[in-house]
Every structure is written in structure tokens, then in C-alpha cells.
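K.L.:
Letter by letter, the chains look like this.
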Amino acid sequence: MKNRYRFLKTFEPKQNTAGYIVFIFAMTICFLLLQQTNLWAYQAGQNQEVSGMVTDATNNEPLPGVNIVVKGTNIGTSTDLNGEYSLNVPSSNDTLVVSFIGFQTQEVAINGRQTINISLAPSTLTGEELVVIGYGQQRQRDLTGSVSTVSAEDLENISVDSPEKLLQGRVSGVQMVNNSGQPGSSSTIRIRGGASINAGNSPLVVIDGVPFDMTAERSSIGVTQGAGINPLSSISSDDIESISVLKDASATAIYGARGSNGVILITTKSGRSGVTSVNVSTTGGFQKVRRTIPVLNAEQFARVKNEAEINSGGSAVYSDQEIASFGEGTDWQDEIFRTGTLQDYRLSASGGNESTQYFVSGGYSLNEGIIINSNFEEYNVRVNLDTEVNDYIKIGNNFTVNRTNSNLVRSSTGSSGSGTGVVASALYMNPIQDIRNPDGSYVLFNDAGRDFPNPVASAREQVNEVENTRYVNNLFVELDLLENLKIKSSIGVNVLNNEEVFFKPNTIFLLGTTRNQAQRGVLSSEYWVNSNTIQYNTTFGSEENQQTLEILGGFTIEGENRESVVAGALDFPSNRLQANDLSAGSEFITPQSQSESFNLVSYLARANYTYDDKYIITANARVDGSSRFGDNNKYGFFPSAAFAWRLSNEEFIRQLDFFNDLKLRVSYGKTGNQEIGSFQSLSLLGSTSTYLGDQLVIGFTPQNLGNPDLKWETTTQFNIGTDMTFLNGALSLTADYYNKTTNDLLFNLPLPSSSGFSSTLVNLGEIKNEGIELGLKANAIPLGEATWSVGFNIASNRNEIVDLGAIEPFFAGQELTRGTGDVILVDEGLPIGSFYGRVFNGLDGNGEVTYADLNGDGQITDAGDRKVIGEAQPDFTGGISSNLFYKNFQFSFNINYVVGNEIFNVNRVELDLPNGFQNNSTDVLDRWTPSNTDTDIPAPSAARGIIFDDRYLEDGSYLRFQNITLAYNLPPSTLNQLSIKKLRVFVSGENLITITNYSGYDPEASVFGQDNLAQGIDFGVFPTAKTYRAGVELGF
Amino acid sequence: MGKKMRYFKIVNLILVLLVFASCNDLLTESPKSSISSDQYYSNAEDAMAAVNAVYAPLPEEFHNYILTIMTTDDGYAASGAGAALVQQMWRYNWSPSNGRVFGGYWESQYDIINRANMAIENIPPIEMDENLKNRLLGEARFVRAYTYFKLVRFFGGVPILTSPTQSADEVNVERASVEEVYTQIIEDLTFAESNLLDQASTQKGRASVAAATGMLAKVYLTRGNWEQASLKAKELIDAGDNALLSDFQDLFHPDTEDNDEVIFALQFVAQSGFGYPSKRYLPRGVIPDWRGLGAFAPSWNLYNSYEADDLRRDISLVTSWELEGGDILSFDPWWRKFWDMTIDNTDDAGIDVPIIRYADILLMYAEAINESENGPTLEAYEAVNMVRRRAYGEDINSPSSVDLLPGLSQQDFREAVWQERRWEFAGEYHRWYDLKRTGRLQAVVSDWLQNGEETEGGAATGTFEDKNLLYPIPQSEIDANPNLEQNPGW
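Line by line, the protein sequences are chains A and B.
Per this note's numbering, residue 431 is the first one in the first sequence, and the count goes up by one each step.
Per this note's numbering, residue -4 is the first one in the second sequence, and the count goes up by one each step.
The reader is advised that the hints may include incorrect statements.
Unchecked claim - Below, a list of computed lysine to aspartate or glutamate pairs in the EDC-like style, where the Cα atoms sit at most 20 Å apart:
id	chain 1	residue 1	chain 2	residue 2
1	B	K27	A	D1124
2	B	K199	A	E956
3	B	K27	A	D1385
4	B	K27	A	E993
5	B	K27	A	E988
6	B	K27	A	D1061
Unchecked claim - Here are some chain A residues pointing at chain B (derived, C-beta under 10 Å):
id	residue
7	S1027
8	N1079
9	L1114
In case anyone wonders, no lab produced these hints; they're calculated from the structure.
Beta carbons are placed, not taken as given, at the ideal position from N, Cα and C, and that holds for glycine.
Put together the whole structure using the sequences plus the hints.
P.N.:
Below you can see the structure in the form of C-alpha cells.
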């Protein structure tokens, strides 16, 4: 009922966005149909025939399925199983454009010939293809910085709900954690480790020149309680042409004060002249929880409860007769989990003529998650247009509008919310209790001793909706002023409207009360950017010592405005209106509103010089003026320099006759971090309210202590690396070593509270990240009739807090569950994310837990007997991707792995604690009794506190088959008969195989989401699902 | 080519304009939903708002309760209080690192002081009505004095800040002596006394002359300055503006809480975010409708100390409840005084907690006279008896069988007043201060801990050491301020 209602709602005429999307969709379809009609009409009139064979240059094998198009027209075909083609062309003076995924596109002039055999070179090996870098593009072979790319071809088989997730396991040095299995939820990305304690650690993400704020928290008004929605989840991964990951200073310094966490540049697809293609795809699938956690049944729990009461001096709660009648009781996990479903429909078209090219796409997807009432629904439309007005003016526009609707599952963060999450409650809820009372009302909460709310009731009845509407547009004009001189100017906007609704009826118990409560919030943010660049290229010198020089200069201004409002009420006479009429409440929550803005003014420059294709020098510089910083430090300067040496062009290497390409790269430079939010350098007064008698009065009070000297964090990075290809280009290898030192950390310096403030933001301290990255790729290895491509990467990062000034070691300050207190210590010499706690030392003769006396003083105290017992950061991360082509079949998989990190499994703290207050895991069947002393599970007792020790810290290493896909492409001969270009059917599975020792739901979990310090903590996190998909893709 | 150059010039011009037109304006932050502090304090409204802000953090029960009741024989942390940081308070095994209690308390108190300092420093230059200006300054100084008064009793000599903090360079302030803190308190209260309005013209919740005089009486009493204490109390008695309510229960009811007896009170209103969370003080699960958390409970020691007919016992505490159908359910004692039964929920009770009320003035007067005159006078007797008569439902002004026996020695009278204070002000954040200032803290608390009362939260255990006569300076404070010295023994 609920879901049907949601579905209908999106088609209400009031919902402008949805209407708009439908309209665009309809228009697109009409447009495409017209195009197709033209195409067929046109093809009928051909007369001249050209034919031939297309082969792979590396092994002379015929290539089936290669696209051949007459340049500037819609006329084209593709090669058959034997790599042969024939095509009617309008004129023998035309040019053929020959393209195939994984190979370099070639243009061949017909020149009157009738038979043309074409040999295609694999694209990734030549270094000729262009790579998107900051404010421009560069030939892969000319790169001096550390830049990893993922292209559309690599992405074809992957289904992800957010494009940045495509990087997981594919790009060395990029560590990514899916914080939650909640559909559409955010991920945590770290490029070469985290470098900041209080400022942001997420990379700068730029899509088609428009920055995207990746912080889930900043994209949410915060009315709902659940895993944050990923800001990028509204961007369809099918629209993506390429993703570049900029890692070293040579690549990132052009982004100045925002470069120190790395930069991810996402480029969406654009049309190509003459190649019209229409793709329609539909995918369906289902999802299952990866595993459930075995907990006690009702009978077993009743026995534990009795023992706990008896052992702590009470008497048995249940008689033997009662216990015998309980049986299995309620399986709460089974009640909240369900089979999730997925559906995804997508339509795209691209094409154009000599002067105008387009790429349009639209899609709809719905994921009903594996926990009841969780869902994520998405609509999006994209229109990318490029047009050449005349021979020196080009105008282009990239536009996308999208909408996501989701209902979140309540999670367990924060002290107030601890244990109220749906997943945690399902683990802890007393299995003797039913979901409903005999009168049909919900059982309110766990009655065994702790107030966990009925998880079924809270999942089913509370409203926790997030509706995001976003549009992103970037309009640019490019002027070719002189042959070598280009000016480009663009203006982009990224507008988000986030609306959240929370409602809790009075039929359920939540937040310590049964009162009904409603809250609504709206956040709107507009990011705008104007960027203006001028680029000059020249080639000079003699034929033998050819030199090229590229110079880029630019000026950009950008900024963001954010406004938000939250309102709420309590005690509604009826639950019927939910949160739709707040005025029906009888008590109001103080409304809140906020306004915030920031601006960035920047000047940038880059020079790239190559000498004889042997020596390449790059210099970058950016001056950033940021409104976020203090009056005395508004402007920062971020330079970098890099040098590359193409050894393979030196005679002594050439003589080895081993390397096809060998390049050494060295770079050094500075970047910054300014992710601290606005107004931090000012002394501000904020409003406060209180009652005097019965009158509400408003006051203004100091909010923070200003710091006019506040400035950016500075990261100085050294990088040395090499790119090489050998074995005739079949194998390529990239290796890098880096050393990143971050100074002037933006740090919340604790102040004596006698100052009236608890902290103030200052620049202080130092963090170091050092690591190596290795990537290996083998392309198109022939294996009999099959060809196989495989890639492997591994990276290792060591993070260390080098200096914290005079600051005493402190805790990350995240409150978890009752009594565990602080678990993450921040101290000099430790990496970020160090777990600090006691060391379990077995059970004593009474079945009580004992701890190691670390300082040997004969007592066990928090002060003396805790130490660093684990680390949330892994030793190694990486992945393997494999792609096997056999005839018309394609079999591919991706693996990602993480080695050597620890996870604090908070769920287990109470699951393994037999106190009768909440249910336990089946580990407790092995509890201590006078006759069973060889165990770690203490004797049941109702009087026992909770202490964090190393039993709850588990190895988080895992290796996961993220994706396994089997696809079948209809052979070209059949395609030709059907007059279609492509028909692909596939089945795929995600997370089907995960190898790990972690005992929780899933080793990928972070209850504090993207938090800088509190990573690797799993507490009632929405579990990752296993997904099975099947789909059809049709191309015209 | 010429055409191209023209475009070039236009684009160039646009670029240049953009650069010069906007940059520096763009980089100056101008917040809209907060106010930059240097642009404020220009008129009477701003002055009012600055003083309103000083009152805002006052209505608070968590720290007040823990520091003045949970650490005495009046109360303890029951099982529902959960967190170890709270539990350790009544078992006397806390450390200076208990940030939830000590760190949190300092933060909240010095926040009040900084707010008051903002007002006291920034209001004088404002052009406005001088009477209003002085009244507002008086209010800010009253709250500042009250806050330092709490701090000096709990922690001894604390850092004195009398002007707002402007930069992180000036924050490492040393501790002042106890004497210096009291000098500051008396100076502030004396200023307040001569600039505030009388109680009838003062908005409820704000400080009046009576509040300042009453607070001064308490300061003098605490310092053992009996003459001054009795003088200040007498001023209020003689002024005749205040009187005892005839029904003790009416003091703790939202409809009658504003009355002649209450002189200054922490303001709680039945509004989300402004209420007294009485659920914290009610049992968990026993009567499900109460939605109690079962966290903070009174002791049997307190309950049993009351005389049988003392009406205050069952108004302050609850140990049984009549269920529908007439069955009576009995349980360990819980607090009832600030439970607002006019509303359904127990999240946000709307009952004020009196800080100074007329009964306090009467008992302070009796105590001070008994000390300064080396024995009780008739006036002292009458002051105590008025309070006692009401407690037993008798007419306040007629002699009664519940009056104190005449002819008590100084010591007997002294103890009778102390006992009366425990009964009268149970749950009103007096107990720790009273035990401390009368030198009984260590003996009384040690007794109660050693008797090992069986409470809902387990048996009372723990040892009161000499160092417990003062609470420790929070460790976070010591860490952040190298000039700060810890109290002895911590």
C-alpha cells in the first residue's frame, strides 16, 4: 500500500520535476524515431560498395563487431564473425571511421579503392589517447603526473548505484568503503590516505567542470536518521565517458586549495559526428542479505535470562514449563529482511553531423532494499550538446536533471540513537516477544531490560524520506583565436534541493517515547562556477629535436549558497496526517533556519614542455583566494613541478628491444585543503531562546572564537613513478612511490572552557602519508579462440600523525553503545583510526572477564591498562579485473581486496554479553559454566558493565568478487538481418563471493559514514546485499 | 582575422571586468543567519538580547542533580542511568577525566560567565535609558555571581574572568583564591541589589532585588558571616513582599509556581527543549505509562528520615501507586516533586526549580541568628515553626503541636534547622552545599556509603576521602590550560 502510494505520488501533476522528466523522455523518443526513419531512407539509395577485413594489429586475428561508418554520415555497418564487412558508400572520396571498443579509432580514406583491409591497434597501449586532466586534456604518453583513468569500455559490465564506486578495486591508491548497504548510500573515498583531522578528507570531485560536494552530511538537512544519501548517486554511470583520478602534486596543484585529497574528474559522454547510436536497456534483479547472524531462539534466551538473574542473586524468571513452551520464538532478523528487487530502464542516443553533436539519455531505476520499507528510486535525464557555430567558435552545453526518492532505514549513530537502529534492534530484541500484542497493537520494545524498539514496527511505521532534486549544467564557449591560441570560458551550476521528512506515529516506541512526532526540513544549495582559460600550443625546433610547448592560463570564480529550514511538531491527535500538516501538532519544536555561503577566486597556470619526445617538464601554479579563511590569510599559492624522461626513446634502451615504452616521472609540489565550512574565522553571535516565566525570549550569544590568521592546510607531495609497456604492448605496468606531508592542519584546538568556548579552529600539526602503488595490465592475450584481458593493482599507504603541537592525546569522541566510551585514540606517532582499549585475558574461576594488567600495577584501570589494539586503516588494498571474450560470449569479473585492517564489531559487544537484557548470539551457547571453563564467553549475570577490549576487534581483511558477468552479444550477421547494431543479454552477480573472517554482516561498513577519525566501526549498519541481475541491451 | 581580434578584445574586456569587479567583495564573508560580534550591541534591544542569552543555559537539572544530590545521602544513580561516568559519581570513584560530569559542567558554567561578560562589557557604551541599562547590567552581574558562587563551592578558587574572551591568546587564566572569588561575587551582587527592580515589577524568571539580597544572605551564610547573613535575610522578612504559600504542593504545580514565595527559580516550561525531563527521575517499566528511565532516584535514607505526618515526604517522593482497579503497587522511592501531572508526557515537565524561596530565607535567618546570638531567639523559632506548620498542613501563623520544642540548646536548634532544610528542599539542589558549608559532608556521606543501603542500583559502596571535599578541576581543563593547578589529592 505504502509503496504503491509512493509510486503514484511521483506522477502527480504537482511534482514538476517528474513531469519534466517524462516530457523530456517523450521528446527524446520522438526525436530518435525520426532519426531512425531518416537513416533507413538514406541507406536505400547507396550504390558504391567497399569491403574488406578488420584485424587486430597485435596478432592479425580478425575482429568481429567492429563499427565502420562513413565519416560525416549515418551510414555504417559492423564486421561479421570473420572480421569481414561490406558497405555501400555514397562516394569513393569518402573516409571510413573504424572504431572498436578497446582499440584506437582509425580514419581511412577510401581513395577509390573497393577492398580495404584495416588493422586496428589496441587503444590503451599507444599512449596516444587523450586523458582528461585539470582544465584540459593531455596525451597519455605526455603525462608527468600520477593520473589513473577508467574509461567507458572498462565500465560496460558494471552496475553501480553511483559512478565513483566504479573506482573501487580498479584504481590503485584509491581506497573506498561502501559505508552501508542502504540503497543509494554514501561511500568513503580516500586517495593516498587521509591527511586531515578536522577538515575534509574526501577528494574534490568535478563532473564536466562542475564541482560536486561529496560530503553526504552537507547534502542533507539531517531530519532523517539513516545512512546518508550519496550526492553522486543521481548521476547515471552509463552516461560516463571517463573518470580520471589525479593523485600527485603535478596533477592536483592546478586545483590549488582543494587538491590535497586528490581530484576525481568525471567526464560524461558526448555525441560523435556521423555515428548515430541508440541504446535501450532494461535490467531486473533481486537481492538477498549476504548472511544473517545466528542468535539465540526463545528457549535458549530464556535459559540465559534465568541464569543471569540467578547468578546475580535474583530468582529464575521463567519456569521450565514456560521455557519448554517458547520454542523458536520470533526470528527478528528474518522479520526485517526480505528479498530486495531492482529494476532499471535506460535509453540513450548519440550522434550528430559535422557541426552539431548530441548525447541524450534518460533512465529510471528502483531498488527495493533488503530491509522492509527501504527503497531508492531515481530518475535522470541528460542532454549534452556541442555545436560549432563557425570555424572558430564552438559552444557546448552539458545538462542533467535528476531526482532521487528514498526511504531510509534508521541506523544506530549517536548517543541518543544508539541501539535504536532497526538492524541493531533486530539482533538484540527478545525472541520470546511477538511482533504484535494479542489486541493487534505493536509490541513496543524489548522487555528484557534494555529499551530497544521493536525493529519491525520501526522499520514499517516510521517515515524517513529523503527527496533530492538536482540539476547540473555547464555551458561553455571555445574560441580558436589563432591556430595555436584557444580561449575557453564556461559557466556551470550545480543546484540541489534536498527535502527530508520524518514521522513517527504513536503506535511505536522510538527515541524513548511513544509520542508521535513529525519533522520536515529543506536544504537548497547552489554551487556556481565561472572558469576562463586561455591555451597556447606551439611546436618548434628541427625535425630531430622537435620541441613542443603548451601554456595554459586561467581565471576562475566560484561559490556556493546554502539555505535550510527545519520545522517539527509533537503530539498529533491522529497519525493520519503524518508529517504533512505540522500545524496539527499540539507542541512545536523550535523551527530553525540557516544561510551560508562561500566564494573562491583563483588564478591558475600550467606550462608543459617536451623535447624530442624524450624529456617532458610540467609546471603548475594556482593562487586561490578563499572567503573561508581569515582576513590575514585570504590567498594561498600552490605550485608544482614535474619531470618525465622517456627512456624508451634513448638508444641504450631501444637496443634492449624489450620495452615498447618506458617513462620515468618525478614530481613535487604543494596543494591545499580548505574544507572547513564557512564563517570559521569570524567571531559570531547566534540566537538562543529561553522561557522567562511563560514568555519566550530571544538572546544573542557568542558562537565561536574567531581566528583572523586561519588558513588552508598545506600538503607537500613528492612522487616518483614509472610507466612501461613491453611484450609488443601486451603488458603494461605503472608503479609509483609517494610521500605526502600535510602541515598547518585545520585543527579544533581545545580551549580551556573557562574562556567560554570549548575549542577554536587553528592551523597546527602534521600528518604524513607514504605509500606505493602498482598497476599491471595485460591486454588481449590470445587463448586459443578466446582473448583475455586482465588487470591487477595493489597499493599500500602508511599514515602517521607526526605532530600535534602541545595537544594531549585525545579520543575521536564518538559515543557508541552504553559504556564502551571512547575507542579511537588520536596521538602523535599513531595512524588515524587507532583503536585503543583493554586486552582480554581470559575468564577467571567464576566465569568473569579479566584483563591484562598492562602496566603491572596489580590493578586494572582505564588509565593504566589500555593500549593501541588495532587499526582501521588497511595494510594493502587493490583489485583484479578480468575480461574474457570467447566467440560472442564475454565473461568478466572484478575483485577488490583489503588486507590488514581491524573492524570494531560493536554489535557483538552486547550479542556476546549474557546479561539477560537483550538477545545474544549463538556464541553464548558456549558460555562459561563450572563444567565449561574453556571459553571466552563469561557466565550470565545481570550485573555487568560493558568495556571495550580486543575481543570485539576483528580482522577486516576481505577479498570480494564485486561483480561477475556473463554476456552474450548477438553476432553481427544476425544483427544485420535484424537491422540493429547491438543486442546484448547478460546475467551478473554482485558480492556473490566474499572471503573474509569478519563475523559481522559485512566487512564493508561504517556506522559513522564519512567521519575522518571514526572509521572501521560496525554498529547495526544496513548489511550489504548479494545482488543477482539480468538484462538486455539493444542498440540501433 | 579582424573579426577574431574583435572577439578577443571583447572576451578580454569581460575577463578584466570580472576580475576587478568582484574579487575582494567575494572574499569578505558576510554571514546572514548569525551576527558578526563587532556589528552588534548598538541599541536597547541588543542589550536586552545579550542579557536574555545569559539566562538561557540556567534551566539545567543533569549537572545540578549529580553534583548536589547524587553525591550525598539524598540520592543515587539507579540502573537506568547507564553510563559508567554517571554511576561512578554516587560510588565516589570518579576521576578528573570524567568529562561528562566535570568537563561538561565547567563548559556550561563558563559559557554562562562569558555570556554575562559579553553583556557587562558591551552594554555600557550603548546609548539607552540609564535605568534600564543598569537593571540589565544588574541582571547579568547577578547571574555571573550565582555562577561563580556554584563554582567556588564545588571547586574552590577558580579562574575569574570578568571580560569576554576575544582571542585564543588570552585564555590560560590562573586560579584565583577562594577569597578573591567571593569578593567578586559580593561586588556583583551588591551592584545587582542596588540596580534591580523589586520583585513585583520584575518579569518572572529574571533577577529582582529580592533575588540579589537572598543570594547575598546565602553567600554570607556560606562564609559563616552570621551577622550579615541574618541582616540580609531580615531585610527580606521585613520588606514583607514575600510569604510562604499555604500549601506546599502549590510550589510544584505549573499553575501556582509563580507566587510570593519563590524569589528566583530555574525556568522550565512544558515545551520540547525547555522542559524538565521528569522521566529521568521516574521508575522504568513499573508503571509503563510514566515512560520513566529509572535513572536518578532518592534514597530510602531520605525517605525514612521524614516524620510520619510530614506532608512534604509524599509530595517530594513516591513509593507506591494505585493502579486502575484499586491495587496498590509499591516500589523503591522515586522523585515526584518536579513531575508535571498536568501533561501526559514525562519528557518535558513545566515545573520551575526554585533556587531561592521564602522558606529558605526563613531557615537561613533562623540558622544565622542561632549562630550570631549563640542560641535561638523567639524570632528564630518562629521562622522555623512557620515552615514546619505548613509541612504538616497546619496554619502557618498559629502556634501548633508540630512546633519545635522550646528551650533547645544552640546545638539542638542548629541540628533541627539542618534537618528541616533536608526535608524542605529535597531535590532542590541544596543538600551538598548545606552539608559542605556546615562541615558535615564527609561524616554524613561516609555514613551513608558505609551503611550500604540496598538501592535499586545496587548496594551503596565507596569511600569518602579528604580530597572529596572539593570536586576535581576537569582533566580536559588542566590539559588545555598549563596555568591551572589541580585540587589537592586529585
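K.L.:
With reference to the structure, classify each hint as holding or not holding.
P.N.:
The hints, checked one at a time:
Between K27/B and D1124/A the alpha-carbon distance is near 29 Å, which puts this suggested pair outside the 20 Å criterion. Between K199/B and E956/A, the direct Cα distance comes to roughly 45 Å. Violation of the 20 Å bound is thereby established for this hinted pair. For the hint linking K27/B to D1385/A, the alpha-carbon distance of about 48 Å lies beyond 20 Å, and the restraint is violated. Distance check on the hinted pair: K27/B and E993/A sit about 10 Å apart at the alpha-carbon level, within 20 Å; holds.
Between K27/B and E988/A the CA atoms are separated by roughly 19 Å; this keeps the pair inside 20 Å, and the hint holds. A distance of roughly 18 Å separates the Cα atoms of K27/B and D1061/A; the hinted pair therefore holds under the 20 Å criterion. Below 10 Å, beta-carbon pairs count as interface contacts, and S1027/A has one with chain B at about 8 Å; its hint therefore holds. Given the 10 Å rule on beta carbons, the hint for N1079/A is violated: about 37 Å separates it from the nearest Cβ of chain B.
Because the closest C-beta pair between L1114/A and chain B is about 4 Å apart, less than 10 Å, the hint holds.
Hints 1, 2, 3, 8 from the list above are not met by this structure, while the remaining hints are.
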